[in-house]
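Asker: Chains as they are written, first to last, in numbering that gives the first Met the number 0: chain A, 0 to 651; chain B, 0 to 297; chain C, 0 to 168; chain D, 0 to 319.
None of these hints come from the bench; they were simulated from the model.
All values reported here derive from a predicted model rather than from experimental measurement.
Think of the CB as a built atom: it goes at the ideal place given N, C-alpha and C, for glycine as much as any other residue.
Check before you lean on any hint, since a few could be wrong.
[Stated by the list, open to error] Partner residues aside, some chain A positions facing chain C, computed with beta carbon under 7 angstroms:
| id | residue |
| --- | --- |
| 1 | 97 |
| 2 | 108 |
| 3 | 452 |
| 4 | 592 |
| 5 | 594 |
| 6 | 620 |
| 7 | 636 |
| 8 | 645 |
[Said to hold, decoys possible] As a list, the in silico EDC-like pairs of lysine to aspartate or glutamate whose alpha-carbon atoms are at most 16 angstroms apart:
| id | chain 1 | residue 1 | chain 2 | residue 2 |
| --- | --- | --- | --- | --- |
| 9 | A | 464 | B | 214 |
| 10 | A | 338 | B | 167 |
| 11 | A | 506 | A | 216 |
[What the hints assert, rightly or not] Some chain A residues well away from chain B (every beta-carbon gap over 10 angstroms; in silico):
| id | residue |
| --- | --- |
| 12 | 56 |
| 13 | 137 |
| 14 | 237 |
| 15 | 307 |
| 16 | 333 |
| 17 | 373 |
| 18 | 462 |
| 19 | 497 |
| 20 | 561 |
| 21 | 562 |
| 22 | 591 |
| 23 | 639 |
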Amino acid sequence: MNIGVFVCHCGSNIEGTVDTAAVAKAAMGYPEVVFATDTMYACSEPGQAGIIEAVRNYELDGVVVASCTPRMHETTFRRTLERAGLNRYMFEMANIREHVSWIGKDRAANTNKAAELVMIAVEKLRQNTELTAGEFSINKRVMIIGGGVAGIQAALDCADGGLEVVLVEREPSIGGKMSKLDKTFPTVDCSSCILGPRMVDISQNPNITLHTLSEVESVDGFVGNFNVKVRRKAAYVDWTLCTGCGECAAKCPSKKTPDRFNEFVGTTTAINIPFPQAIPKKASINPAACLMLTKGKCGACVKVCPAGAIQFTQEDEIVTEEVGAIIVATGYDLFDFTKYGEYGGGRYPDVITSMQYERLLSASGPTEGHIKRPSDGKEPKDIVFIQCVGSRDKSIGRPYCSGFCCMYTAKQTILTKDHIPDSQSYVFYMDIRSPGKGYDEFIRRAMEEYGARYIRGRVSAIQPKGGRYLIKGVNTLMGDQVEIEADLVVLAVGAEASKGAPELAEKLRISYDSYGFYMEGHPKLKPVETNTAGIYLAGSCQGPKDIPSSVAQGGAAASKVLGLFSKDKLASDPQISSVTLQRCIGCAKCQSVCPFGAIEMTEFRGMTKASVIATVCQGCGNCTSACPQGAIQLSHFTDNQILAEVNALCPY
Amino acid sequence: MTRSRYAYYPGCSGQGTSREYDSSTRAMCQDLGFELIDIPDWNCCGSTPAHAVDHLLSASLVARNLAIAEDMDVDGIITPCPSCLKNLKTTQHRMLRPEFHAEVQKVLGRVVRADLPIKSVLQVLVEDAGIERIAQESTAPLTGLKVVPYYGCIMNRPPDVMRFDDPENPMALDNILTAIGIEVLPFALKTDCCGASLGTTRRDVVARLSGRVLDAAAAAGADAIVTACPLCQMNLDMRQAQINKANGSHHRLPVFYYSQLIMLAAGQLGERIGLDKLCVSPFSLLSSLGSQTGEARS
Amino acid sequence: MSVLEGKELRIIGFLCNWCSYGGADTAGVGRFAQPTDLRIIKLPCTGRINPLFVVRAFLNGADGVLVSGCHPRDCHYTEGNFYARRRLEVLRALLPVMGIDPARFEYTWVSASEGQRWRTVVEKFTEQVHGLGPIPAFNSGTCLDACLSTAISSAPAHAAIGETHGLST
Amino acid sequence: MASRLEELKAAVRKALPDLDVVIAWAAGPNSLEHTPLFITSEAEIDLMTWDPRCSQNLAGYLPGLRGKKVGIVAKGCDARSITELLQEKLIDRGQLTIFGLHCQGAADPEKIRAVAGCGNEVESAEIADGKLTIVSRKGTCAIGLENGLLAKCFRCTGADAQPCDQFIGEHGAPPALTDAPETALDRLEAMGMEERFRFWEEQMSQCIRCYACRSACPLCVCQDHCAAQSREPHWVDQTDHPREKLMFQAMHALHTAGRCTECGECERACPVGLPIMTMKLALNRQIKTLFDYEAGIDPEKTPPLFQFRETEEHIKERKW
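So here's chain A without its partners, still in its complex pose:
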């Protein structure tokens, strides 16, 4: 093997503290190195030309570049090798910038270190093999998990792009959090008026299969060929028959059923359609509240249903969907404010969450859009809004900013004034965060046109006082204590990861942060990708987002999928594991530790042998570490390559 070594100056970045010429000189002494030189900018056009020329002149069949981190230019140089007619994998990099010249001043020590890093790169390269990416076909269907605004956008864009779409939603209707909102900032236009039509489009688009009241049970397979089991929970209503007329709800006797959709302000019936614009507009029964399902008597709905759709015997069913990509848009949940003792820990009826307040504001809400105190139904005059409840607070494990609370609080003060002209809103805030188009102007309007009083400071206690509430806090701008008496307190509760997010992440094999939000592929450059090929993120499941950003991400994720599906075949990374059959004794230890189920046990001349499913293997090498006799090896990270590096560094 003829190896060429190129030691980069990177201007003065490396040359400044490393004697690159000396490193090149040392490299000439390494096994199989036939050419070594230092070069000003290896990645520049002339630099790459130099490499190509050397490959030709010295009949190199392997190249080592000592420069910056491989994360920076590995692909650049692999392409250079291809242009020179070599296999792109006959290449190794020695990181002598980030790991040497930038972290040490001692030129002698740096030079020695750089020379050794080049040496281990050479030792590794000596045992590299030419690799070629394999190809596999893809199933051009996409599954979208979560029917909130992000999921809806993604679904519509994919469907318009001609893809078959499967949309899975946990609740009986799509719409997500947005469908619960009354108005949206900063335009104060009606939430359901802008979301409603999109929801209808979903139901009418022939390319979209909708599974509501459904959850993902398990996910197998890999990019291009996922196999997803979906649990369709029993609605106790045959939706193929149900016309959504609502007769059943009208007659249902158990009227005290807690109303999930209305955030438990007000009640609903055991059988119901969550809200007027629900998609699909189908009734479903809450088994915990239904007299028939709990006590075995009633059946009022059966009597009135003109379609005869009620089916108390209905059971969960598992449907299997085969898709090539998955977009996760499972959204967020609201922080449980009862953790805050000083806000009454949930003991005071008129201390409510911002989402509950939205329902009070909403014309389709439990109060037909009249703001009434939950305790006595009176119209509140003085309303205190407290921001950052469950945001930016280390003490309760929520150090992050939920991003949208400042804006929706301002919106709610404006709506409050519209509903009750003689009302007064007070807002306790820490900082105002309104970095969006028209956002800060909107906050100003709330303050200046609608007279919301903004007080910079935290609230120390909420105490009932003669049917009202005394809110004690501090005004950090005035530097004194404030006390406000109010009829209603609205807590701007922050966003937290959707319930069950970690469990879903494990099924999908994607990673999540310590708060349960899903990890994007790269914080800047891969905002909607995950580290698992073929799985994308949209909306608040990746971190709190307002509607515009969620919609944008939904679209972005869709375009990623369309891009992925624009090819008929996908290339698989060839740096994967492979089995030496005669060494394999079929003990299946590799199979048991593979995180991706990429190893299957097969029969070979009557013996059990492990074999790697090339398209599933992600190249982590866990199997290689687990195989006692080293029968399964991860190419380009084989035992011998790593041993060669160790032996080079520690020659006894």
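Please build the complex by placing chains B, C and D on the supplied structure of chain A, with the hints as guidance.
Answerer: Leaving out everything else, chains B, C and D in the frame of chain A:
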């Protein structure tokens, strides 16, 4: 219940303004089988003034008491006064820092381990004796009495130092009082400040803060307020007239120490309970509850 | 020996490509000065680390070995570091029995963003190893072995290291 | 004993027709240890024997016989190896018939020679009621059996074979043994680090690299593919140097970590008597404390290094 032998730190007020708290506490502990041994030659904990000016000074004042207690072969140190408790525990907390620990020992000129458990009498009551035990002891439950429990602001704060009960909505007193037949009303101002340390310097503040507590108690429909803190008790009881004057209110709310009520419920009367030491007389209220406790008058 | 006599000790780092190698890069980009002893071997994942690599390094005369990967739950391959943690904890028990001071070996988790933390780890570990000094070397071995090793040490690769070493003195 | 043996023979005789082979023990050339017996025909049954000299763990032969219907005679400790092999699906329970025995300890020839001081010229030996009577050129001497047992008997976790298809005789407790002999691990832990290193350097320089330890280990299932003798991968080189021999011992210990049942075959088989179980004992101890796991107990469990917990309660990670 295991043997409990405690070093007892009465605190200054126990010698003066809250004699009845001290005596009823001792009586209560005796009945419940705690062995209290006064820390010999104990000194003032420094209360609020000391730590306001110098942490080392305030810590050293406390540490001397800890040191003495450490020679006593006891299970821990207990005190009825939350203010003393705060100083004792804060000092112990601060002395977790080796440098500070060393400094304090230098000042004292002796070794202080500062590792004895330090608890309020209330905490010991709940944790060692237990609510059931107290319920058993109450032979003459104070049925019909309606009270609000007032814990004051420092009993459970700061939580990571005090490590007892909920800082925002404590329940220890509520549970004990309920156990002895008293009706405990929900009370949002449980942990508000009464203005304690400003008692002499800023009466207006006390009038406002303590006044609010009295108003809220009355509004809640309470016959009386129950405290576990000499300073709270003093402000609400001794200064009640002042406060009424300042706020134009007309409260006549007896302010009990919980220890007094436990003893009453246990059928104990007389000197040790010191009901006669309360400024707002509780006797008419108690007699209205029926003959048994009414005899308290005698 | 290529180690700069009296100046450096031989410390080998096995780093996962996704988190810790990136963390080391971040430290570099931040110009966080670090001791020069460490030589980093890049692996896809800590799950690729066979504890025997560490044993081999020590038997070959490494004075310290440092393993670093993604924080638990952040593994690029979701599970690799969980397996690694178990394997390395078991290794931790083997080393002292072999007469290799366990303080010569550490494993930790450093994310791609934790450049500052990486510097701390490298500084502390290097200091720790210098505290222990060079690892005891085998002094026995047969004549055949002796011949072999002289043969090896006169092989070109090591001659070259000799030169770079020459440069440094 | 005799009656037990007859019971055992009867059981084997009954089962033999449905089996390809039964692995048992026969009196060996050396009267202090019995040797394996592979029974394929009725006639061979009479060669069987059973007493404390049946020290060898026969489980090691099972993976090699995979695919055949095999019967095996097992002591309590042997059964742990069988459990481990079952757990790793290296043998098939359906193909296996286990004749379980209650063991009162397995004899250690070296120790006996030492204790009895009879050297290698043993002519015959008799075991009767806990006593071992040895006739050698030096004359006749008797020692208490408990003084001639293998070190592992002092760590016995169960004298009765479990799992087992046919149990011969009554169940019972392990032999009541006191003052376990000092192990190399005990000695080692009394030393400083460098001293330990020198200890191994010295021990390993005696190793003749015969790999008897590997061949005897019932869990060394890599057979002809042992990584110690391959170039791909090339973990150990053939240099005759303690470093390489120690490397192999470390490899054996790590490959059997969480799988080793401490059956002691490796040490028993070592012709130069090196304390090569030491590392394995240390690892097992660590595995017990970290994962509360012992190998060869429950065939349903997965060895600890082939699974994980997201939060490992017993692992204290270093905070930097």
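Asker: All hints, please: hold or fail.
Answerer: Verification of the hints:
At about 3 angstroms, the closest approach between the beta carbon of residue 97/A and any beta carbon in chain C falls short of 7 angstroms, and the interface hint on this residue holds. The restraint placing residue 108/A at the interface with chain C holds, with a minimum CB-CB distance near 4 angstroms, inside the 7 angstroms limit. Interface hint at residue 452/A: violated, since its Cβ lies 40 angstroms from the closest Cβ of chain C, which is beyond the 7 angstroms cut-off. Here the hint on residue 592/A is kept, as its CB sits about 6 angstroms from the closest CB of chain C, short of 7 angstroms.
Because the smallest distance between the Cβ of residue 594/A and any Cβ of chain C comes to about 4 angstroms, under 7 angstroms, the interface hint for this residue holds. Residue-level restraint check for residue 620/A holds (minimum Cβ-Cβ distance to chain C is 3 angstroms; threshold 7 angstroms). A hinted interface residue such as residue 636/A counts as satisfied when its beta carbon comes closer than 7 angstroms to some beta carbon of chain C; here the least separation is about 6 angstroms, so the hint holds. For residue 645/A, the suggested interface contact is upheld, since its CB lies about 5 angstroms from the closest CB of chain C, less than 7 angstroms.
In summary, the hint linking residue 464/A to residue 214/B is supported, as the alpha carbons are separated by about 10 angstroms, within the 16 angstroms threshold. Using a Cα cut-off of 16 angstroms, the hinted pair residue 338/A and residue 167/B holds, with the two alpha carbons roughly 11 angstroms apart. In summary, the hint linking residue 506/A to residue 216/A is supported, as the alpha carbons are separated by about 8 angstroms, within the 16 angstroms threshold. Separation of residue 56/A from chain B is adequate, the least Cβ-Cβ distance of about 68 angstroms exceeding the 10 angstroms criterion.
No Cβ of chain B approaches the Cβ of residue 137/A within 10 angstroms, the least distance being about 55 angstroms, so the stated non-interface status holds. Every C-beta of chain B lies more than 10 angstroms from that of residue 237/A, the closest at about 49 angstroms, which supports listing it as non-interface. Interface exclusion of residue 307/A from chain B stands, the closest Cβ pair being 51 angstroms apart, more than 10 angstroms. The claim that residue 333/A lies off the interface holds: its Cβ sits roughly 21 angstroms from the closest Cβ of chain B, which is beyond the 10 angstroms cut-off.
Every Cβ of chain B is farther than 10 angstroms from the Cβ of residue 373/A; the closest lies at roughly 17 angstroms, confirming the non-interface assignment. At roughly 4 angstroms, the least C-beta separation between residue 462/A and chain B is not larger than 10 angstroms, which violates its mark as non-interface. The beta carbon of residue 497/A is kept farther than 10 angstroms from every beta carbon of chain B, the shortest such distance being approximately 28 angstroms. Every beta carbon of chain B lies more than 10 angstroms from that of residue 561/A, the smallest distance being close to 52 angstroms; the non-interface claim holds.
Non-interface status of residue 562/A relative to chain B is upheld: no Cβ of that chain comes within 10 angstroms, the nearest being about 52 angstroms off. With a cut of 10 angstroms on Cβ distances, residue 591/A stays outside the contact zone with chain B, its closest approach being about 44 angstroms. Every C-beta of chain B lies more than 10 angstroms from that of residue 639/A, the closest at about 52 angstroms, which supports listing it as non-interface.
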